[in-house]
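Chain by chain, the residues run as shown.
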Amino acid sequence: MRIGDYKESYAADEAVFVTSTSRFWLGVLFVMLAIFPFMAGEYLLYMANITGIAIVAALGLNILTGAAGQISLGHAAFVGIGAYTAAVLTNRFGLSLIVCLPLAGLVSAFFGVLVGAPSMRMKGLYLCITTLAAQVIFEFFFVHWESLTGGIRGLNIEPPTIFGLDVGSEFGFYWVTLVVVVIAATMSRNIFRTRVGRAFIAIRDRDISAELMGINLFRYKLYAFAVSSFLAGVAGCLWVNHLKSITPEHFPLHESIRYLAMIIVGGLGNILGAIYGAIFMTLIPEVLQTILKFFEGYFPQAMAYLYPLQTVVFGLLIVLFLVFEPHGLAEMWCRVKAYFRLWPFKH
Amino acid sequence: MEFFLLLLTSGIAVGGVYALIALGFVLIYKATSIINFATGEFMMIGAYIFYTCSVLVGMPAIPSFIVVMAGAGLLGLLVERTILRHMLGQPTISIVMVTIGLSSILTGVAEMIWTSDFKSFPPLFPRAPIIVGDLIIRSNLFWGFVVAMTTVAIFALIFKYAKVGVAMRATAGDQMASFSMGINVRSMFTLAWIFGAIAASIGGLIIGNIGGVQPNLGGIGLKIFPVVILGGLDSIGGAVLGGFIVGIVENLAGGYLDPLVGGGAKNVAPFVVLVLILMVRPYGLFGRKEIERL
Numbered sequence: 000m001r002i003g004d005y006k007e008s009y010a011a012d013e014a015v016f017v018t019s020t021s022r023f024w025l026g027v028l029f030v031m032l033a034i035f036p037f038m039a040g041e042y043l044l045y046m047a048n049i050t051g052i053a054i055v056a057a058l059g060l061n062i063l064t065g066a067a068g069q070i071s072l073g074h075a076a077f078v079g080i081g082a083y084t085a086a087v088l089t090n091r092f093g094l095s096l097i098v099c100l101p102l103a104g105l106v107s108a109f110f111g112v113l114v115g116a117p118s119m120r121m122k123g124l125y126l127c128i129t130t131l132a133a134q135v136i137f138e139f140f141f142v143h144w145e146s147l148t149g150g151i152r153g154l155n156i157e158p159p160t161i162f163g164l165d166v167g168s169e170f171g172f173y174w175v176t177l178v179v180v181v182i183a184a185t186m187s188r189n190i191f192r193t194r195v196g197r198a199f200i201a202i203r204d205r206d207i208s209a210e211l212m213g214i215n216l217f218r219y220k221l222y223a224f225a226v227s228s229f230l231a232g233v234a235g236c237l238w239v240n241h242l243k244s245i246t247p248e249h250f251p252l253h254e255s256i257r258y259l260a261m262i263i264v265g266g267l268g269n270i271l272g273a274i275y276g277a278i279f280m281t282l283i284p285e286v287l288q289t290i291l292k293f294f295e296g297y298f299p300q301a302m303a304y305l306y307p308l309q310t311v312v313f314g315l316l317i318v319l320f321l322v323f324e325p326h327g328l329a330e331m332w333c334r335v336k337a338y339f340r341l342w343p344f345k346h
Numbered sequence: 000m001e002f003f004l005l006l007l008t009s010g011i012a013v014g015g016v017y018a019l020i021a022l023g024f025v026l027i028y029k030a031t032s033i034i035n036f037a038t039g040e041f042m043m044i045g046a047y048i049f050y051t052c053s054v055l056v057g058m059p060a061i062p063s064f065i066v067v068m069a070g071a072g073l074l075g076l077l078v079e080r081t082i083l084r085h086m087l088g089q090p091t092i093s094i095v096m097v098t099i100g101l102s103s104i105l106t107g108v109a110e111m112i113w114t115s116d117f118k119s120f121p122p123l124f125p126r127a128p129i130i131v132g133d134l135i136i137r138s139n140l141f142w143g144f145v146v147a148m149t150t151v152a153i154f155a156l157i158f159k160y161a162k163v164g165v166a167m168r169a170t171a172g173d174q175m176a177s178f179s180m181g182i183n184v185r186s187m188f189t190l191a192w193i194f195g196a197i198a199a200s201i202g203g204l205i206i207g208n209i210g211g212v213q214p215n216l217g218g219i220g221l222k223i224f225p226v227v228i229l230g231g232l233d234s235i236g237g238a239v240l241g242g243f244i245v246g247i248v249e250n251l252a253g254g255y256l257d258p259l260v261g262g263g264a265k266n267v268a269p270f271v272v273l274v275l276i277l278m279v280r281p282y283g284l285f286g287r288k289e290i291e292r293l
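If you read the sequences in order, they're chains A and B.
Using numbering that gives the first Met the number 0, you'd call the opening residue of the first sequence number 0 and step up by one each time.
Using numbering that gives the first Met the number 0, you'd call the opening residue of the second sequence number 0 and step up by one each time.
I should point out that these hints are in silico values taken from the structure, not numbers from a laboratory.
Hints may be right or wrong, so weigh each one.
[Claimed, not checked] Some chain A residues close to chain B (C-beta under 8 Å, calculated; not the full set): (1) Arg120; (2) Tyr125; (3) Tyr304.
Every residue, glycine too, gets a C-beta built ideally from N, C-alpha and C.
With the hints as extra help, turn the sequences into a complete structure.
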């Protein structure tokens with residue numbers, strides 16, 4: 000058991016994973032992630048892929064809302080911008096997935112900065128409503144800029160390839176998602192350890208104090224918007240290459256709320272929280288479906304309640320977590336670990 | 000010109016209803032600083048209660064109306080006591096998300112009870128359209144406007160003269176001072192939720208009467224945000240004016256821009272105006288600029 004900090008070098012002080020135990024379990028996790036696709040069927044791989052995409056988007060929102068404290072109701076719109084950018088770049092210019100990923104992120108980041116620009120004068124609820132306006136306005140463009148976005152019918156793209164390898168199947172795409180998730184998580188974690196990340200947290204905790212300490216509020220808020228929507232754009236690029244088609248219906252306000260719910264249920268401002276939250280919120284509808292399928296034997300019309308039940312459970316999870324566990328799944332997990340570390344002793 | 004006047008009048012009529020719903024929103028915000036994303040769902044529940052009373056039970060309009068107000072008040076009370084009271088003083092994001100969660104719960108429950116099918120009301124008002132000069136106004140719109148404005152006026156009178164209303168204003172102004180004057184601040188919070196829910200449900204009733212009711216009726220609640228932000232979150236007068244601006248803007252956009260862009264301008268125009276106004280006046284047209292101290 001670890002009972003003190005005995006660091007003798009800067010390298011030890013800067014390490015992300017401090018103990019050898021955590022490094023060991025991280026290794027185990029990677030091995031399991033590498034074995035998983037060979038064991039799992041098509042459906043599980045599909046779930047893993049959409050979970051991975053949700054994780055990338057949630058990590059992005061976690062930087063803006065969790066770390067910098069700016070509530071965004073327009074995150075799905077940025078995912079959408081990334082997805083449409085990727086689709087257009089692939090279809091019209093024949094760019095490959097590996098080029099599209101950063102480009103989609105950059106285009107999305109550009110629009111993120113645009114939406115973040117009013118934060119120079121506004122904050123709190125007023126800024127939150129501006130992002131809602133952005134969501135509505137972008138959605139309008141997705142539907143009505145038909146020459147670019149294909150209108151309601153949307154766009155279709157060819158299965159993606161990387162260096163000539165076909166990654167269009169669920170199995171192939173799993174590796175793409177996995178690599179992007181690992182890069183995004185590492186990047187998020189490292190941002191929090193830099194001057195920029197610390198500035199985000201200072202702004203969240205008390206913006207006026209942060210300004211007095213010499214943090215340029217406007218500039219850092221724009222950074223937060225840019226980084227967050229960059230990750231959203233990357234997630235969007237993954238999304239379109241995974242589903243191979245997009246329509247405006249994929250990016251409604253409800254999707255933005257789902258991302259917010261992920262980081263709240265997981266634990267605001269916490270990288271692991273965003274990951275847990277994304278996994279949890281993606282799996283819940285499937286779990287509900289399984290439960291209802293089980294009850295279908297007893298109540299034949301049980302499946303008719305699937306959709307409203309999902310809506311209720313979704314809302315209930317948000318409310319219950321906020322009232323009883325505001326720090327989310329990450330905090331719960333910490334408590335479980337702390338309990339077992341000393342088990343069977345209480346203190 | 001006639002087309003313009005037609006759009007203008009229906010804009011004003013719809014704007015009156017928006018003003019009423021926004022009033023419910025501002026009441027809650029002023030008293031408790033909670034931004035209620037479930038306003039639209041309160042509307043929807045109000046409309047469904049009315050549907051249940053008048054169509055399923057077969058009650059006449061006036062008693063159904065009273066049941067709607069009682070039911071909405073009860074809902075407001077319940078929500079405040081069970082959920083929102085825990086959230087007082089929490090960060091903005093928690094408050095925003097808890098009301099979003101609430102709206103999701105209400106939508107789901109409504110769909111379970113009343114299914115997702117479209118339900119329409121029996122005609123509430125005289126069918127004959129109202130004719131002013133050359134203008135013909137749909138009777139539903141006209142009477143809806145009348146009901147909405149009457150309700151707004153009643154609320155305004157309560158706030159101006161009734162003891163309860165003055166106490167609520169005092170609470171919104173300064174909680175500490177109200178406490179020391181013997182006002183029960185907590186019950187004022189509850190009352191704000193009850194009033195807010197009633198205002199929203201009457202609005203829902205009117206909208207349901209115009210276009211029928213469905214679980215996603217609550218989506219109209221999103222339009223309340225341009226309304227209240229335009230007026231400034233904490234100004235009742237601003238909310239009423241904002242309601243009219245949004246009603247007129249969306250009708251004009253629907254009439255003139257929709258043919259050009261192929262539909263949808265009606266819903267997006269209020270948000271464009273919202274962004275433009277916030278760029279110039281970051282606290283809305285009538286909102287109070289908060290002075291912050293460390």
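Hints, verified against the model:
Hint status for Arg120 (chain A) relative to chain B: holds, with the closest Cβ pair at about 4 Å, below 8 Å. Annotation: interface hint on Tyr125 (chain A) holds; nearest CB of chain B at approximately 6 Å, less than 8 Å. Taking 8 Å as the C-beta cut-off, the interface hint given for Tyr304 (chain A) holds, the closest approach to chain B being about 6 Å.
The structure meets every hint from the earlier list without exception.
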